[in-house]
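Produce the entire structure from the sequences given, and follow the hints as far as they go.
Protein chains: 6
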Amino acid sequence: MKISARNLLKGKVLEITKGATTAHVKLDVAGTSVTASVTNEAVDELKLKVGQQAYAVIKASDVMIAVD
Amino acid sequence: MKISARNLLKGKVLEITKGATTAHVKLDVAGTSVTASVTNEAVDELKLKVGQQAYAVIKASDVMIAVD
Amino acid sequence: MKISARNLLKGKVLEITKGATTAHVKLDVAGTSVTASVTNEAVDELKLKVGQQAYAVIKASDVMIAVD
Amino acid sequence: MKISARNLLKGKVLEITKGATTAHVKLDVAGTSVTASVTNEAVDELKLKVGQQAYAVIKASDVMIAVD
Amino acid sequence: MKISARNLLKGKVLEITKGATTAHVKLDVAGTSVTASVTNEAVDELKLKVGQQAYAVIKASDVMIAVD
Amino acid sequence: MKISARNLLKGKVLEITKGATTAHVKLDVAGTSVTASVTNEAVDELKLKVGQQAYAVIKASDVMIAVD
Numbered sequence: 001m002k003i004s005a006r007n008l009l010k011g012k013v014l015e016i017t018k019g020a021t022t023a024h025v026k027l028d029v030a031g032t033s034v035t036a037s038v039t040n041e042a043v044d045e046l047k048l049k050v051g052q053q054a055y056a057v058i059k060a061s062d063v064m065i066a067v068d
Numbered sequence: 101m102k103i104s105a106r107n108l109l110k111g112k113v114l115e116i117t118k119g120a121t122t123a124h125v126k127l128d129v130a131g132t133s134v135t136a137s138v139t140n141e142a143v144d145e146l147k148l149k150v151g152q153q154a155y156a157v158i159k160a161s162d163v164m165i166a167v168d
Numbered sequence: 201m202k203i204s205a206r207n208l209l210k211g212k213v214l215e216i217t218k219g220a221t222t223a224h225v226k227l228d229v230a231g232t233s234v235t236a237s238v239t240n241e242a243v244d245e246l247k248l249k250v251g252q253q254a255y256a257v258i259k260a261s262d263v264m265i266a267v268d
Numbered sequence: 301m302k303i304s305a306r307n308l309l310k311g312k313v314l315e316i317t318k319g320a321t322t323a324h325v326k327l328d329v330a331g332t333s334v335t336a337s338v339t340n341e342a343v344d345e346l347k348l349k350v351g352q353q354a355y356a357v358i359k360a361s362d363v364m365i366a367v368d
Numbered sequence: 401m402k403i404s405a406r407n408l409l410k411g412k413v414l415e416i417t418k419g420a421t422t423a424h425v426k427l428d429v430a431g432t433s434v435t436a437s438v439t440n441e442a443v444d445e446l447k448l449k450v451g452q453q454a455y456a457v458i459k460a461s462d463v464m465i466a467v468d
Numbered sequence: 501m502k503i504s505a506r507n508l509l510k511g512k513v514l515e516i517t518k519g520a521t522t523a524h525v526k527l528d529v530a531g532t533s534v535t536a537s538v539t540n541e542a543v544d545e546l547k548l549k550v551g552q553q554a555y556a557v558i559k560a561s562d563v564m565i566a567v568d
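Chains as they are written, first to last, in this note's numbering: chain A, 1 to 68; chain B, 101 to 168; chain C, 201 to 268; chain D, 301 to 368; chain E, 401 to 468; chain F, 501 to 568.
Below are the DSS-like pairs computed for lysine-lysine, each with C-alpha atoms no more than 30 Å apart in a straight line: (1) A:Lys18 - C:Lys202; (2) F:Lys512 - E:Lys402; (3) C:Lys218 - B:Lys118; (4) C:Lys202 - A:Lys47; (5) F:Lys502 - B:Lys110; (6) C:Lys202 - D:Lys310; (7) B:Lys110 - A:Lys18.
If you're looking for bench data, these hints aren't it; they were derived computationally from the structure. Just so it is clear, the structure is predicted and the values come from calculations on it, not from any experiment.
What follows is the structure in C-alpha cells.
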C-alpha cells in the first residue's frame, strides 16, 4: 500500500505506554525522540514491540515550521 | 515560548514552494526530507529562506506508526 | 506496510482537482463523496487517476461525531 | 449549523469505550467500521448511545489517499 | 446538528482569500484574528461573506498549549 | 522561537484533568472556554498550573468554519 502522506521517518521503538484507550509510542529517529499518540487497538494490531523497526508517518498539513 | 507539541525536529530548509495561498516547505532532517504545508503568510512572517536552520514541529496526536 | 490509522475506506476516484500546490481528490465511498486535500506531489507520486480504486485513510483522532 | 468540513458520513453507533479522558466511538458506516477518538465530555454532552444514528465528520485536510 | 468538537469560537468574517483550491478565512474573535484554511468549495457552499457572523470550530486534539 | 501556526489565543488556565496518558487543559480565552487535548508529559514539562497565563496554539488547517 502506498499512501499520500509526505513524511515517513524510519526509527526504532523506544517505549510504548498504554493508557485506558490511548497509547503513546516513542520512536528513536536518527537520535531524536518522536512521540506518537495512537489507539491502544493500533498498538495491539500492529503487534508493536520495544526495539523493533517502525516508521512515524505524518501528513504534510500536520507539520508546522519554527525558527529560533 | 515553550509549546506542548512533543516533536521538534531540527533541520535545514531545502525548498520553499509558494502556491496561491498554501506553501510547501521542505526541510532536510538528518538526511530525510520532511514536508510541511503551511500558509504563504507564515513563510513571509518567519522570513524563511532556503539554507537556513528551522524546525519541523508536530503534535503527537498527528503522528501515525507504520510497520513493514 | 501496515499503519496505525484506524480508518480505511475503500472507494473509487471520482475527481482530481490540482491547485497551485494543493490538490483535492474526491472518492466515491459506498455512494458517499469523500474529499481529501493532499499535495499535488502525492497525486503525481501515487499516479492517481479518475476511475481507479483507492482508499481514504483517516486517523481516529481526526474524526468527530455529530448527531441531529 | 452548517460546517465547512467536507466529509459527513452517516452511520450507526456500534460501540462506545470511555477511557480516563478520551473515548473511542465506533460507527458502522455502510458496513465499514469508522473509529473516532473524542473527549469523554463530548460523549456525555451528545448523549451518545449504542444503536443510535450519528455522523462521522472529517475535515478534508485530515484525509489521506492510499492505493494498493 | 450537534458536534463533538469542543471549541466553538464566535466571531465575524474579516477577510476571505481564495487560492486555486484552498481558501483562507479570517475571523475576528473577541479582538483576536483567527485564520482557517478550508476548501474554496466550503466557502461557496456556506456562502461566506465579509462582515457576517461565523464560528471557528476546532477539535480539542488539534489545540496545543504554549507558555512564555 | 517563532512558529508558523497562525492562531495564538491568549488565556488563563481554568482546569487541568490528567487521564492515564492524555490530559485535557481548559483555558479561559476572552470569556470562552477553549479545551486542548495534550499529553500528560507536556503538562508536566510546561509545569502548567491552574490560574496561570497560557496560549492556545492552533494551525490554520485545523480550523473549520461554521455558520448558523
